[in-house]
Amino acid sequence: AQTVTQSQPEMSVQEAETVTLSCTYDTSESDYYLFWYKQPPSRQMILVIRQEAYKQQNATENRFSVNFQKAAKSFSLKISDSQLGDAAMYFCAYRRNTGNQFYFGTGTSLTVIP
Amino acid sequence: KAGVTQTPRYLIKTRGQQVTLSCSPISGHRSVSWYQQTPGQGLQFLFEYFSETQRNKGNFPGRFSGRQFSNSRSEMNVSTLELGDSALYLCASSLGTGPMGYTFGSGTRLTVV
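From first to last, the protein sequence lines stand for chains F and D.
Heads up: the first sequence is residues 25 to 138, going by the numbering used here.
Heads up: the second sequence is residues 132 to 244, going by the numbering used here.
Next comes chain F alone, as it looks inside the complex (with noise of 0.2 angstroms):
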């Protein structure tokens, strides 16, 4: 079965600063994606970034990258130049190419502050 984890329940950083929230993943797959969603105090799950298992280039979107270590079946996210928007729960998530679910982690809760 595909699990997804998360270590960190809590993360805080300083407006502008760089932080790092951390997901591991265990499959015996080799065709997946991974996704890191963000939900807001408005409870819609937003997605902020993904990467194709295929693709050894981490994927960016602006000031959010990732660091995926297909090896180690590890899936960072950085988000840089951190703002009061980015707080938010942040959950990784793994779907299979070919699956018909997200398998989620349990989320890091990320306060940003001023």
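A couple of the hints might just be wrong.
[Stated by the list, open to error] With a straight-line Cα cutoff of 25 angstroms, these simulated DMTMM-like cross-link-like pairs (lysine to aspartate or glutamate) come out:
| id | chain 1 | residue 1 | chain 2 | residue 2 |
| --- | --- | --- | --- | --- |
| 1 | D | K188 | F | E53 |
| 2 | F | K102 | F | D50 |
| 3 | D | K188 | D | E206 |
| 4 | D | K188 | F | D55 |
| 5 | D | K188 | D | E213 |
| 6 | F | K79 | F | D55 |
| 7 | D | K144 | D | E206 |
| 8 | F | K102 | F | D55 |
| 9 | D | K188 | F | D50 |
[Said to hold, decoys possible] DEER-style ranges, computed between Cβ atoms:
| id | chain 1 | residue 1 | chain 2 | residue 2 | range |
| --- | --- | --- | --- | --- | --- |
| 10 | F | Q107 | D | Q149 | 36 to 46 angstroms |
| 11 | D | G147 | F | L71 | 29 to 39 angstroms |
| 12 | F | N91 | D | G215 | 21 to 31 angstroms |
| 13 | D | I143 | F | A96 | 44 to 54 angstroms |
| 14 | D | Q185 | F | N121 | 19 to 29 angstroms |
[As the list claims (entries may be wrong)] Where chain D lies over chain F, by a calculated footprint (3+ residues, C-beta under 8 angstroms):
| id | segment |
| --- | --- |
| 15 | 66-79 |
| 16 | 82-91 |
Calculated from the structure, these hints are not laboratory results.
Using N, Cα and C, we set each Cβ at its ideal position, and we do this for glycine too.
We have chain F already, so just place chain D on it with the hints.
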């Protein structure tokens, strides 16, 4: 364009009652998935529908059911509510059944008393 719309936003029910939650996907999206989010269990997959057919079901009891209509709108039903069913229920829609392009709604917060 309009996002994924879930109604109602909040709901309070009594143990033993049943409840129906609604999810209207983004126009043109044919796939709808449902997830239950609780502090203890996190986000758990309930089921996925595509073109009115249930493609996959998570590990939930038979009290949890769903359906999808020809316009892709989906409903989920929980019968004989238990206190443990209190949760945020999220739905997500996408064009197809691949791994990309899912948009989530803001959920329905169900409280069972």
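Against the structure, the hints come out as follows:
no., hint, result
1, K188(D) / E53(F), "holds (20 angstroms)"
2, K102(F) / D50(F), "holds (21 angstroms)"
3, K188(D) / E206(D), "holds (14 angstroms)"
4, K188(D) / D55(F), "holds (22 angstroms)"
5, K188(D) / E213(D), "holds (20 angstroms)"
6, K79(F) / D55(F), "holds (10 angstroms)"
7, K144(D) / E206(D), "holds (17 angstroms)"
8, K102(F) / D55(F), "holds (23 angstroms)"
9, K188(D) / D50(F), "holds (21 angstroms)"
10, Q107(F) / Q149(D): 36 to 46 angstroms, "holds (43 angstroms)"
11, G147(D) / L71(F): 29 to 39 angstroms, "holds (38 angstroms)"
12, N91(F) / G215(D): 21 to 31 angstroms, "violated (37 angstroms)"
13, I143(D) / A96(F): 44 to 54 angstroms, "holds (45 angstroms)"
14, Q185(D) / N121(F): 19 to 29 angstroms, "holds (20 angstroms)"
15, 66-79, "holds (count 7)"
16, 82-91, "violated (count 0)"
In summary, the structure is inconsistent with hints 12, 16 from the numbered list given earlier, while agreeing with the others.
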